[in-house]
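Numbers given in my numbering equal positions in the sequence shown, counted from 1, plus 43.
Take these hints with a grain of salt, some might be off.
[Said to hold, decoys possible] What follows is a set of in silico ranges between Cβ atoms, one per label pair, in the way DEER data are often shown: (1) W215 <-> R102: 14 to 20 Å; (2) T246 <-> P117: 34 to 40 Å; (3) L126 <-> R94: 17 to 23 Å; (4) T135 <-> A227: 48 to 54 Å; (5) E131 <-> R241: 36 to 42 Å; (6) S57 <-> E119: 21 to 27 Å.
In case anyone wonders, no lab produced these hints; they're calculated from the structure. Beta carbons are placed, not taken as given, at the ideal position from N, Cα and C, and that holds for glycine.
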Amino acid sequence: MTPDVDGLIRFYKSPLGRLTRQLLREQVSQLAGDVTGLRILGLGFATPYLRGALKGAERVLAFMPARQGASSWPREGPSRTVLCDPLEMPLTDSAVDLVVAIHEFEHVVDAEDQMRELWRVCAPNASLVLVVPRRRGLWAGLDNNPFGFGQPYSRSQLDQLLREHSFTPEEWRDCLYLPPSNSAMVLRSARLFERAGRLFGPTLAGVMCVRARKEQFPAVARRRRVERVLASPELNPQTARLVP
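Input sequences plus hints: build the corresponding full structure.
If you want it as structure tokens, here you go:
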């Protein structure tokens with residue numbers, strides 16, 4: 044099950060959502076570093092974390108999966124969002140310098156094909172910042188937040204996925220140690236939860252953040268769309284059968 048764009052917007056307007064955006068934005072900004080002059084792509088539902096890049100970056104685009112839906116962003120000026128198939132993005136090769144993927148990899152149909160597509164659109168030495176729910180984290184076990192849906196990852200699984208598709212992990216961060224609750228007491232103690240959680244290591248974290256660097260040569264050749272269709276003949280359009 045994939046949260047739709049209306050549900051994601053409602054979450055980020057809630058008290059827990061605003062706090063989530065604040066805590067995660069700090070980690071994403073530190074991993075992304077200086078974005079001045081860069082071509083940036085936000086994949087999934089990354090718009091809550093891209094506003095700081097609008098002024099300094101050369102261009103900022105937000106690609107949202109068709110099954111999720113899209114919303115216009117930013118509120119001021121022309122929209123920078125694109126509704127598309129994330130496995131067949133409308134970009135030329137080596138088109139972007141930084142990709143920020145949030146609410147994407149836990150919902151994508153084929154994570155390996157997604158990695159091949161990202162390798163294609165990333166320029167040489169480009170950076171990829173991923174945020175995914177931690178497999179054993181509390182957030183992945185509750186469905187009152189967007190990270191409670193889809194496929195969570197362990198650190199070793201995400202590391203293997205990146206390395207097998209020619210992205211070298213450079214820095215890892217853990218975030219969201221607080222319980223996913225709108226309780227006023229929990230929200231007021233969010234910073235305390237974050238500081239205390241790091242004393243126990245990543246076990247209690249709700250999400251993982253990683254920055255990876257694109258390698259020069261692809262590890263796995265990219266498959267064509269037609270191959271995916273042929274591999275699943277039941278997906279081919281057929282005439283409905285009429286029962287007398």
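Quiz item: Does the hinted range 21 to 27 Å hold for S57 and E119 at CB?
Solution: holds (23 Å)
Quiz item: Cβ-Cβ distance between E131 and R241: within 36 to 42 Å?
Solution: holds (39 Å)
Quiz item: Within 34 to 40 Å or not, the Cβ separation of T246 and P117?
Solution: Given range 34 to 40 Å: holds, Cβ gap about 37 Å.
Quiz prompt | Assessment of proposed distance window 14 to 20 Å (beta carbons of W215, R102) | solution = violated (28 Å)
Quiz item: Taking the CB of T135 and the CB of A227, does the distance hold inside 48 to 54 Å?
Solution: At 49 Å between Cβs, range holds.
Exercise. May I ask you to test the hint 17 to 23 Å on the CB atoms belonging to L126 and R94?
Key: This hint holds: roughly 20 Å between Cβ atoms.
Hint compliance for this structure: hint 1 is the single one not met.
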